[in-house]
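Protein chains in written order, with the numbering used here: chain B, 467 to 716; chain C, 467 to 716.
Worth flagging that the hints you see were computed from the coordinates, not collected in a lab. Hints should not be assumed to be uniformly reliable.
Where chains are identical, the list cannot tell them apart; a pair therefore holds if satisfied intra-copy or between any two copies.
No more than 25 Å apart at the CA atoms, straight line, and that leaves these computed lysine to aspartate or glutamate pairs for DMTMM-like [said to hold, decoys possible]:
(1) K655 with E518
(2) K655 with D565
(3) K490 with E510
(4) K520 with D533
(5) K490 with E472
(6) K589 with D562
(7) K665 with E582
(8) K693 with D565
Protein chains: 2
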Amino acid sequence: MTNKKEIIASIIIIGNEVLSGRTKDLNTSTLSIWLNSIGISVQEVRVIPDIERKIIDTVNSLRTKFDYVFTTGGIGPTHDDITAESISKVFNSKYDFHDEAFSILEKYYEPGEFNEGRQKMAKMPTIAKLILNPSSGAPGFYVENVFCLPGVPSILKSMLGGLNNVLVGGDPILSRTINLKTYESEIAKPLTNVQNNNKDVEIGSYPFFRQGKLGVSIVLRCVDKVKIDNCNSQILEFIKEKNIEIIEID
Amino acid sequence: MTNKKEIIASIIIIGNEVLSGRTKDLNTSTLSIWLNSIGISVQEVRVIPDIERKIIDTVNSLRTKFDYVFTTGGIGPTHDDITAESISKVFNSKYDFHDEAFSILEKYYEPGEFNEGRQKMAKMPTIAKLILNPSSGAPGFYVENVFCLPGVPSILKSMLGGLNNVLVGGDPILSRTINLKTYESEIAKPLTNVQNNNKDVEIGSYPFFRQGKLGVSIVLRCVDKVKIDNCNSQILEFIKEKNIEIIEID
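Start from the sequences, fold in the hints, and give me the full structure.
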């Protein structure tokens, strides 16, 4: 990689609904793609249940290992939303109404509509800073390097822009995908050679079945465009030799 | 819960393609739903990169805490497929051609087609037992309580049937979903009461936006149908009182 320190992150998906299989996690993909674009690399994801002890232990184990930790889920108004209270315990901060959050929500709702359930969404570690929510009022928050976002994918997505000036990333991580009409076993050997000659480029190989067609995606990832280009050329060379059909390069 | 010991599992998704956001993980959902149906509850998922040390450490940390550990990904023919070799190191087993796997693959391919890349898929811990693959030949495998499956969702799915007689589950985990046209904040308080009166039923509340409609899914999960029915009745009671529209119960 470059000499610049790599900025690394982990994501904690808090939610029984993902563990039960009822809900497919879309937030990892949204967060990872966006974080890559600002030079932050996601290196681990954990999906854990709505259990306070588990949340506290997982956050504590990851916040010292990663530059940033993102949690999703568990910040709504119901009994199973326990992220904010758990994070308060992680940082030994009081769990109570956050003045700024309370004021935002009070303005967001019509008079008389800011009921007890909604007020719960203003309760969080009192030392937290807010992550504004342009979709539905209730803010996320962060304490030190732990950022707490909601679980609903469209709302989470709408809140990322607000983090642009808070997170400090490195060089954006670039990628290129070469889709081929071939089998992995056909390209395994020359691809290993290319990987050995291009240690700074992460090369992944993924078989796919799309509309009945079998193929392989080769994915190159690196912060340095020149290195990706070089690697790309070396791959195109053996592909040509082997007479393999290119579906697309993206 | 029941007096019967709960059987718990964790899933390790091995793959840079999920961490980069390029691929959305579908295997957790497939595996969790199927495991629930045979009475095994998934309590943690980790997504980790294709790094040997990371795979070994993660498997070692989870295999002692859970009855079963499932890995997905990294058992193909290319350089980034390092799951089988990593698992060999976890169990101090020789990583070499597995006689039975070699023989299956040799028969699967046409004469002359069983090349070096494909032969790699017969390399695994020699003490492993196989998980047959009706879709594409290359078997998965397991050692003790660690089960290694492929990353391609359709292939993984086709291999689960072969595990039916190997895994020992408890009572199937039943669930019921009540979809309502309401806000979470509207039902937060009575739902908390129902949860407090029904400790054995896991009650989740999930807001959704579907085709422009806002709603809440209440999900009840328990091994005991009678307990789900009771809990369901108590929820329907407060829903009626509050005059909330039911979209569907499933």
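Hints versus structure:
no.	hint	result
1	K655 with E518	between (48 Å within a copy, 20 Å between copies)
2	K655 with D565	between (61 Å within a copy, 23 Å between copies)
3	K490 with E510	both (17 Å within a copy, 14 Å between copies)
4	K520 with D533	both (21 Å within a copy, 18 Å between copies)
5	K490 with E472	between (29 Å within a copy, 24 Å between copies)
6	K589 with D562	within (5 Å within a copy, 56 Å between copies)
7	K665 with E582	between (56 Å within a copy, 23 Å between copies)
8	K693 with D565	neither (50 Å within a copy, 41 Å between copies)
Hint 8 from the earlier list is the only one contradicted by this structure; the remaining hints agree with it.
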